[in-house]
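Visitor: Residues per chain are reported as follows:
Number of protein chains: 4
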Amino acid sequence: MIKVGIIGGTGYTGVELLRILAQHPQVELQAITSRGDAGIPVANMFPSLRGRVALDFVDPKAAALETCDVVFFATPNGIAMGQARSLVDAGVRVIDLAADFRIKDPAEWERWYGMKHAAPELIAEAVYGLPEANREKIRSARLVANPGCYPTAVQLGFLPLVESGLVDTTHLIADAKSGVSGAGRKAEIHTLFAEASDNFKAYGVPGHRHLPEIRQGLSIAASKPVELTFVPHLTPMIRGIHATLYAQVTREADFQALYESRYKAEPFVDVLPFASHPDTRSVRAANVCRIALHRPQGGNTLVVLSVIDNLVKGAAGQAVQNMNIMFGFDECAGLTQIPVLP
Amino acid sequence: MIKVGIIGGTGYTGVELLRILAQHPQVELQAITSRGDAGIPVANMFPSLRGRVALDFVDPKAAALETCDVVFFATPNGIAMGQARSLVDAGVRVIDLAADFRIKDPAEWERWYGMKHAAPELIAEAVYGLPEANREKIRSARLVANPGCYPTAVQLGFLPLVESGLVDTTHLIADAKSGVSGAGRKAEIHTLFAEASDNFKAYGVPGHRHLPEIRQGLSIAASKPVELTFVPHLTPMIRGIHATLYAQVTREADFQALYESRYKAEPFVDVLPFASHPDTRSVRAANVCRIALHRPQGGNTLVVLSVIDNLVKGAAGQAVQNMNIMFGFDECAGLTQIPVLP
Amino acid sequence: MIKVGIIGGTGYTGVELLRILAQHPQVELQAITSRGDAGIPVANMFPSLRGRVALDFVDPKAAALETCDVVFFATPNGIAMGQARSLVDAGVRVIDLAADFRIKDPAEWERWYGMKHAAPELIAEAVYGLPEANREKIRSARLVANPGCYPTAVQLGFLPLVESGLVDTTHLIADAKSGVSGAGRKAEIHTLFAEASDNFKAYGVPGHRHLPEIRQGLSIAASKPVELTFVPHLTPMIRGIHATLYAQVTREADFQALYESRYKAEPFVDVLPFASHPDTRSVRAANVCRIALHRPQGGNTLVVLSVIDNLVKGAAGQAVQNMNIMFGFDECAGLTQIPVLP
Amino acid sequence: MIKVGIIGGTGYTGVELLRILAQHPQVELQAITSRGDAGIPVANMFPSLRGRVALDFVDPKAAALETCDVVFFATPNGIAMGQARSLVDAGVRVIDLAADFRIKDPAEWERWYGMKHAAPELIAEAVYGLPEANREKIRSARLVANPGCYPTAVQLGFLPLVESGLVDTTHLIADAKSGVSGAGRKAEIHTLFAEASDNFKAYGVPGHRHLPEIRQGLSIAASKPVELTFVPHLTPMIRGIHATLYAQVTREADFQALYESRYKAEPFVDVLPFASHPDTRSVRAANVCRIALHRPQGGNTLVVLSVIDNLVKGAAGQAVQNMNIMFGFDECAGLTQIPVLP
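If you read the protein sequences in the order shown, they are chains P, H, Z and Y. According to my numbering, the first sequence is numbered sequentially starting from 2. According to my numbering, the second sequence is numbered sequentially starting from 2. According to my numbering, the third sequence is numbered sequentially starting from 2. According to my numbering, the fourth sequence is numbered sequentially starting from 2.
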């Protein structure tokens, strides 16, 4: 049993962490902080946790997080970078679900996130927590930058192709669609039910913060700079990301075999039969990425479909997967829930 | 470990049974039948089960169900009554998720269901599987009639009141709202997305089949005939039932204390603080009924709000709860999933 | 042609007023105000109006509203009561879509709305704008209090019964369900898509502000105090209200004939054949109330189903209907759009 | 006034035709046929039309369609090709909303639609009814092939680019998302609410019937064969198509000016300011296509966003637009409804 703390537990990644960790066999939830809601039982805000999580939200100052074995930051961008240092120095392992440590180049991070980085020296130490790419480094990491939701779906979909150099990496296209929970539990007009329901739109086409993160990951995998057009869309569902990926084949291969081989040992990546159409509900509430390959009309364009639950494999589930790796647990511990369908 | 068979597994209660049973520590899934889809892997129809359920659908004739310890009927009404006899005689315990054995009066059953009952003698033996009312009888039952979804939500909401004789039982009102999965996985026009989405309507107001079932249960609890107006509605969500119940107080009492006391020992009924507003998502994908009491403006009308997931506490979860009771397992075995929110 | 002004046009009733008025043959839109968005073209905020509404939002001070023939307040509660006086004095007719002038008893208004009323003398003058009850008074009104959405659906459903004294008016029940646009275009957590979608809940059961408004209207119609239990619910759709009404019959009558006769001359109330089930989409985006009667199992309880679009017959459409009456136009002018289905 | 007949009016394009035509100032609805529902009032099936459409469905044989000026086929594919001949010979002008006359090469049509074409000689005569490309031919056409929904959104989005030869037409990508009404009013499992809600998936990636139609239209516009990857998706909304289009620039130009100039005179194409994000609800229930251009990070890839209501500009609205052109009416007659938002 390890002692776990969560900083900022009132958002969707926070409650999802609680749902998963409360059922994890090797975890003792020690504290969950919230500046604004200190003293309130967690189960009052999230009645789904009644009888299952007995904690109250506690003020960050009173949380004694240094006594935890691991602390998750489920905070907005810009919080973890100010607080991770002292925890790491106290020997606490840290997993940041926000973006503070995802981009290796501090200048690029500052450009996209519009603030000064408070701990650039920690960026260098942080391990990017995509287990399918970085499992070994994650084992010993003191600080893990948990990937974004789009970046998880897009990178897992493209990785085998860019690693093997079989496609034109100067013109990759990622057309991605996300459920509305991806925008977080924030009071905003554009994600109101009456705005986002029965509606579909693209957003952030000129430039979305997940673009540099995806580009960085794919460039490392390709061992050369990758160029990507990334268009995110908002779709009227709660959970789920569907990434539709397009690449031009430059060298022929058995792409289906390539994917199956690449992900054979991965517990949370499921390569479907060739020409399948995964739907997002097939991964709802579970820590899985399902991928299918297409070659429309046998042409030069390869289409990859990649689906995840943005709150699980795209956030809290992947964070727990990283925790399992860091502490030498069974990588699937606490992550065996079957997707909820319908 | 017990051997479990499922007859008719291609509907929503079928896949939900599979989701729950595949994670149950004392169950071995032996067979799942489908006349039309024999030979097809279950996970092809329900990709959410990929890697978790390895069975193929099998023809009912080839299923060797007599070797099972328990068989679930997840079939349309009218199937179980023709097949339960031979299974029961073979020593197999049977749980019918359809309506064949719910109504004790065969004539009334035939009136509401529009067919001749094939096994009236089994009706007498069958135990109505609402654990909160019939737990002791369920333990030794050979045949359990698993309650309907509306009847579960409405009876659990009204039980303490009618048992204690504190309200006028000649004018109960149950205004109930169901998600669309309650209509089953059948190709029909009125439950198409483009018909049922962004829309709300009542249906079956002149008389719904769940009315006699609710009336029977409440009359037994009241030890006298109960009169009920039951109006079901279709609401554009996948899962969930919200029953809004109205009763006229005839004798004063501490109703909140009454409910808390009545359900104190029940693992799957959660009485919320007085004047709460439970939402259906707080029980999504979990075997829980949450109940809240109101007394608007301190008047004579008591309002009870009762929510369940129609596919879990309203169907497959309650069926597994009954199985646990029948086989002496921990009543919560396999039923500890935390609701999925958001 | 009359000159029309709108105060506070950035909410859902504002944009709906614009949609209707821009197609009205006798209306010239003169000004639409917004303190926060002055200078911004209306069509930038609501692209649905591109090419159809050329106005910019204008600061209230610069709007020259005194030169309008009629001004609509599409503002939050508490604004119109401070500004209506000067407009009325300037000879401008005023229609308030908020609640400021709906409740005749200022003390009761202050109790439910939690603020001091700024113009109690105007309450006395204001005409409650339910044309089916008050058409003649509306014709000459200088100030119309446009009814709330729930009150419109509930009153139209109950009016024939309470006017004729055929039911027990001490125990009326109104179980009402509203789409999420009824909560307005405000940045709040509980109406986010990820909160309100795939979910159903009651709210305000201890007491909702529309209760006194409904009670007042029905009491006037009954010529005696009426007691009502009113339970509103939030249902995951954008537009629409479905009121399910319950009354105990005290004297028999041909209720269907009663309703058909009562509403025969009403252009915007449609009495369906007995035992119909109106769905909310059958009135989507149109100024209609559809009503159906039921007598379940021939018992003593009469069930009335009443549906409207909360933004049209429940707000902007009814306001334009009132305007048509006030200015002697054809009552249907600008209100002939056919509901959008599917 | 012209006399209008509709063949096959029980689907979504049928009821949408009725909604539009019932408000058209120059149309007299003469007959609407349905083999299965003859004798039933149209308004019984579609209560939204109560009081607005007085017709009953009539058997095709009894419909006297030869006396109509124009007949719309709102039928499944394969019906119009068998019946159009006799109508055209009788001097009735025909608009087919299905696919029978869209593909100029009968062999290709038969390959994609899996049946023998019954009237190949009519294919040659038929005019493809995309007014923005073929307005002059439509004026005098006896038989119009109304475009498919995806083809309308994709062609309008790509036309200016391929006409002007500024992009690589060997690698166009159209990633398109459709609301569920696009699948029609057919009893099928995969479009049930409980399947399609809170879910997102691609379908038909190996080859969708709209691909050859789009390819044909763009090839004509480009005056050379165009290669296109077309991936349709199902998104949980009722109405709307959002096409996200990708093209590689081969020659620089002021693309925004190009689009604005190309569509300046078009009443139903709205080019938004550069880098806008049109949402589908901004065209809901209206005959408009809104288009926005992007050049992410100033790179080589041009992104075009194109939205329509699949039932209006993608079907019934465009059909009425074609009718207006054919009969010399104002092209906007009956098509001036403002989109319904929210």
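Think of the hints as simulated: they come from the structure by calculation, not from any bench. Treat the hints with care, as some may be off.
Since the list can't tell identical chains apart, any single copy or any two copies may satisfy a pair.
Said to hold, decoys possible - Simulated crosslink set (SDA-like; lysine to any residue; CA at most 25 Å straight-line):
1. Lys4 x Thr337
2. Lys105 x Gly299
3. Lys4 x Ala23
4. Lys105 x Ala222
5. Lys187 x Gly12
6. Lys187 x Asp60
7. Lys62 x Pro77
8. Lys187 x Tyr204
9. Lys265 x Ile41
10. Lys225 x Gln298
11. Lys138 x Ala55
12. Lys187 x Ser277
13. Lys117 x Gln257
14. Lys265 x Val93
15. Lys117 x Gln31
16. Lys265 x Ala55
17. Lys117 x Gln298
18. Lys187 x Met46
19. Lys62 x Arg210
20. Lys225 x Leu303
Bear in mind the structure is a predicted one, so any value in this text is a computation, not a measurement.
Visitor: Give a verdict on every hint.
Guide: Status of the hints after comparison with the structure:
Taking the shortest alpha-carbon separations for Lys4 and Thr337, both the intra-copy value of 21 Å and the inter-copy value of 22 Å come in at or below 25 Å. With identical chains, the CA atoms of Lys105 and Gly299 are at most 25 Å apart between copies only, with a shortest distance of 23 Å across copies and 39 Å within one. In the homo-oligomer, the alpha carbons of Lys4 and Ala23 lie at most 25 Å apart inside one protomer (12 Å), although the nearest pairing across protomers, at 30 Å, exceeds that limit. For the homomeric pair Lys105 and Ala222, the shortest alpha-carbon distance inside one copy (15 Å) is at most 25 Å, but the shortest distance between copies (46 Å) is not.
Taking the shortest Cα distances, Lys187 and Gly12 sit within 25 Å of each other both inside one copy (8 Å) and across copies (19 Å). With identical chains, the CA atoms of Lys187 and Asp60 are at most 25 Å apart within one copy only, with a shortest distance of 20 Å there and 29 Å across copies. In this homomeric assembly, Lys62 and Pro77 come within 25 Å of each other (Cα to Cα) only inside a single copy, at 18 Å, whereas the closest approach across copies is 39 Å. Taking the closest pair of Cα atoms, Lys187 and Tyr204 come within 25 Å of each other both inside a single copy (17 Å) and across two copies (21 Å).
In the homo-oligomer, the alpha carbons of Lys265 and Ile41 lie at most 25 Å apart only across protomers (23 Å), although the nearest pairing inside one protomer, at 45 Å, exceeds that limit. For the homomeric pair Lys225 and Gln298, the shortest alpha-carbon distance between copies (19 Å) is at most 25 Å, but the shortest distance inside one copy (30 Å) is not. Taking CA atoms no more than 25 Å apart as the test, Lys138 paired with Ala55 passes in neither setting, with 34 Å inside one copy and 34 Å between copies. Taking CA atoms no more than 25 Å apart as the test, Lys187 paired with Ser277 passes between copies only; the shortest distance there is 23 Å, against 35 Å inside one copy.
Proximity of Lys117 to Gln257 under the C-alpha cut-off of 25 Å is found in neither arrangement, the shortest distances being 44 Å within a copy and 35 Å between copies. Taking identical chains as interchangeable, the C-alpha atoms of Lys265 and Val93 are never at most 25 Å apart, the minima being 33 Å within one chain and 40 Å between chains. For the identical chains of this complex, Lys117 and Gln31 are neighbours neither inside a copy (32 Å) nor across copies (47 Å), given an alpha-carbon limit of 25 Å. In this assembly of identical chains, the alpha carbons of Lys265 and Ala55 lie at most 25 Å apart only when taken from different copies (18 Å versus 39 Å within one copy).
Proximity of Lys117 to Gln298 under the C-alpha cut-off of 25 Å is restricted to the inter-copy arrangement: shortest distance 22 Å between copies versus 49 Å within a copy. For the homomeric pair Lys187 and Met46, the shortest alpha-carbon distances inside one copy (14 Å) and between copies (21 Å) are both at most 25 Å. Within a single copy, Lys62 and Arg210 get their C-alpha atoms no closer than 31 Å, and across copies no closer than 41 Å, so neither meets the 25 Å cut-off. In this homomeric assembly, Lys225 and Leu303 come within 25 Å of each other (Cα to Cα) both inside a single copy, at 20 Å, and across copies, at 24 Å.
Checked against the numbered hints above, the structure violates hints 11, 13, 14, 15, 19; every other hint is satisfied.
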